[in-house]
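Protein sequences, first through last, are from chains A and B. Each step along the first sequence adds one to the number in my numbering, with nothing skipped, and position 356 is 356. Each step along the second sequence adds one to the number in my numbering, with nothing skipped, and position 43 is 443.
One should not assume that every hint holds.
[To be verified] Straight-line distance between alpha carbons at most 20 Å, and here's what the computed EDC-like set of lysine to aspartate or glutamate pairs gives:
1. B:K436 to B:E513
2. B:K613 to A:E207
3. B:K616 to A:E207
4. B:K621 to A:E207
5. B:K604 to A:D50
6. B:K436 to A:E51
7. B:K604 to A:E51
8. B:K471 to B:D617
9. B:K471 to B:E489
10. B:K471 to A:E198
11. B:K613 to B:E582
12. B:K613 to A:E51
13. B:K525 to A:E198
14. B:K604 to A:E198
15. B:K436 to A:D50
16. B:K616 to A:E198
17. B:K525 to B:E513
18. B:K525 to A:E51
[As the list claims (entries may be wrong)] Beta-carbon label-pair distances, calculated as ranges:
19. B:G602 to A:F277: 26 to 32 Å
20. A:I296 to B:S430: 47 to 53 Å
21. B:P597 to A:F82: 56 to 62 Å
I should point out that these hints are in silico values taken from the structure, not numbers from a laboratory. Glycine included, C-beta positions come from ideal geometry on N, C-alpha and C.
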Amino acid sequence: MNFYRCFRIFGWNFTITPGRFIMTGLVAIMLAIVSIRLLTGFGVVTNLSDETPWGLWIAFDVMCGVALAGGGYSTTLLVSIFRFDEFEVVCRGALLTSLLGYLLVLAGLFLDIGQWFNSWRPYFSWGYSSVLFEVFWCISIYTSILTFEFFEIFTERVLTKRLHRYIVRVLPIFIVIGLIFPMMHQSSLGGLFLIMKERMFPLWWSEFLPLYFLMSSFFVGSAMVGVESSFASKAYGHGIPHNVMKKLTRIGGCIMLVYLLMKIYDLFTMNLWSYVFQGGLQSNMYCIEMLFGIIIPIIIIFSPIADTKFGLAGYAWLTVLGVVVNRMNCVFTSMYESGSYFPSAGEIFISIGLVSAGALVYAFLVENLNILGRKHAVQINVHKNKDIRSLIWAFVRPNN
Amino acid sequence: MAVLIDITKCIGCESCSVACKLYNSLDFKSEPRNIKNGRIELDDNRWTVIHKYETEDKRIRFVKKQCLHCKEPACVSACFSKAIQKDEETGAVVYYPDLCVGCRYCMVACPYEIPKYQWDEQFPKITKCEMCPSRLENGDAPACVAVCPTNALISGDRDELLKKAHEIIASDSKYVQHVYGENEVGGSEWMYISDIPFEELGFKMVSETPVTKYTKDYISKVPILAVIWGIFLASLSYYNHRNGHGTHSESEEDFENPDDENTKDKQD
Ligand code: SF4
Ligand code: SF4
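Just chain A, with the same shape it has in the complex:
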């Protein structure tokens, strides 16, 4: 059995595992590519072109990032407002994933905008007719609120005596505000596409797009909590009871069912059935997205398969991947007939690097703060070691 190293530096735990070592390497590669991107523009690093001005960074880092971070608001909504107290175990984990998700979204956005030194402009030069303006403000405000909510967990450990009690007191107000903004911008992300009516493949465009994005962010939120907790239970032995998870995902499943019915309604009202089966990249992608991302998960979640651990995990993964595919389809598949765009290595590495950075921070935080359950999580199979020199050593020689 492998024993990993865990280092204590000023009372904080740093654990090094081979996986984390690789992730650190990915983050380093990302930083290198980021500097090339910032120095030379888009031409060298990305495959973006005038035909596909938005690519992987918008589709994955931003659209998927925000949707997957929906776990934060959907569980907060269920726990704090609708009093599903049994979900409280997942609440903090979901909150942390959301916060990290949003920070990554901001990082991705920062890379994707050309004149980043102008990024403060929209705070003063108000293009209020733009849906992006709303998204921009909501994401700014919501990230601040999430940081604040998370700060409560943080002050449990640091500055406990002075700050924590006051923060706990104002928290409910922030939770309510923090539930308005995510609902607004989740739907607004769909609203971004309304103006692209003449450019999108008809199967994806609909006047209900804002609602679709809101609903899918809700059900992918609970699915994401499932995926995340399946990782966490492997690494930290922190399992969410199966029936809690099943109930949580079933609520998502109901919304998914409504989503499916609305999509079908769209097909009838806009007369789109012929597009669905016409073949070609776009209609095939649409069929894949609907079949594997929506229809099969619905069958799983409302059948006895959901009683097995495997079934539930299958539902969660399919749903998450389905939403990822949906966002990519909206951003590029639907809009470009020639289909010439495929993300470049640079774009892919930066996206992977961002996700790795998120995972590393996540692991560090759950090991040091009370997020999964009542105590700090501890990596199973950890060999404790207190020497800072061996930390550096471990970075040089990961496997000893």
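We have chain A already, so just place chain B with the ligands on it with the hints.
For chain B with the ligands alone, kept in the frame of chain A given last:
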């Protein structure tokens, strides 16, 4: 200021695209970046291009392509920092690079795929035809219109040009009975008339509803929904509070113990 393009009169001499490059100091040496079906498309150094089309009966036509300066411009409505604005007086859709963040939402919003980007710059800008705003200010026609040797491009007041366009296509039966740009996505300042169906000349067939309508409808609903949702959440949360379910009250005590452990941890 509006422009009417009579496709039957264009001889494809490219004077307009040269004038455009000169007037806007674009790079003459730049390689074409976008080529579609053998035709050079717009790019950051080509704000206008001439496309050659040959019909089945071997007639050759040239189509000038540039921003149409929509009456309900999608790009203007899409820009979240007002870096593209429509000049009230001249109707020109003008770009203000100092305000631009570089999000490229305008590029994906434009129904005609007009705005292009400087992909190889460190701090790239959006590029597109701006109808030579400084010339319009002095009452001159845009550079391309001024140099056209055959009067295929004429500029003037939109209503008058539209009237004229309808007179021309009504008086001569060779013309298609349609003025492209009169109503397309809400109409545009630049309009075309032709003797060959517009579809065959690469024109995009779009609906007459301005695409900005959909975002307007949506945005106007958002504040009301947000307020209703907020009130609903707040009252529910208050109700929960009154019933002694303070969100974090119980957990607070539970966390005391691990806290103590930590302080100990930190000390040793
Ligand atoms: S054609 Fe495109 S770029 Fe030109 S004004 Fe209309 S929406 Fe804007
Ligand atoms: S790229 Fe610039 S001009 Fe275009 S929408 Fe974004 S901020 Fe506005």
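**Study point:** Satisfaction of hint between A:E207 and B:K616, Cα-Cα up to 20 Å
**Key:** holds (12 Å)
Practice item. Below or equal to 20 Å on CA atoms is what counts here, so check B:K471 against B:E489. Key: Holds, because 12 Å separates the two Cα atoms, which is no more than 20 Å.
Review point. Are the Cα positions of B:K604 and A:D50 separated by 20 Å at most?
Key: holds (17 Å)
Check your understanding: B:G602 and A:F277, beta-carbon distance inside 26 to 32 Å?
Key -> At 29 Å between Cβs, range holds.
Point to revise | CB-CB spacing for A:F82 and B:P597 relative to the 56 to 62 Å hint | key: holds (58 Å)
Check your understanding: Taking 20 Å as the top limit, are the C-alpha atoms of B:K621 and A:E207 close enough?
Key -> It holds: about 13 Å lies between the C-alpha atoms, which stays within 20 Å.
Check your understanding: Using the C-beta atoms of A:I296 and B:S430, is the stated range 47 to 53 Å upheld?
Key -> Roughly 50 Å apart at Cβ, these two residues keep to the hinted range, so it holds.
Practice item. Would you mind confirming whether the straight-line C-alpha gap from B:K436 to A:D50 stays at or under 20 Å? Key: holds (12 Å)
**Study point:** 20 Å limit on alpha-carbon distance, applied to hinted pair B:K613 and A:E207
**Key:** Cα-Cα ~11 Å, so holds.
**Study point:** Satisfaction of hint between A:E51 and B:K604, Cα-Cα up to 20 Å
**Key:** holds (15 Å)
Review point. Are the Cα atoms of B:K604 and A:E198 separated by 20 Å or less?
Key: Given that 20 Å is the threshold and the Cα spacing comes to 9 Å, the pair holds.
Exercise for review: Below or equal to 20 Å on CA atoms is what counts here, so check B:K525 against A:E198.
Suggested key: Distance ~24 Å between B:K525 and A:E198 Cα, so the pair is violated.
Checked against the numbered hints given earlier, the structure breaks hints 12, 13 and satisfies all the rest.
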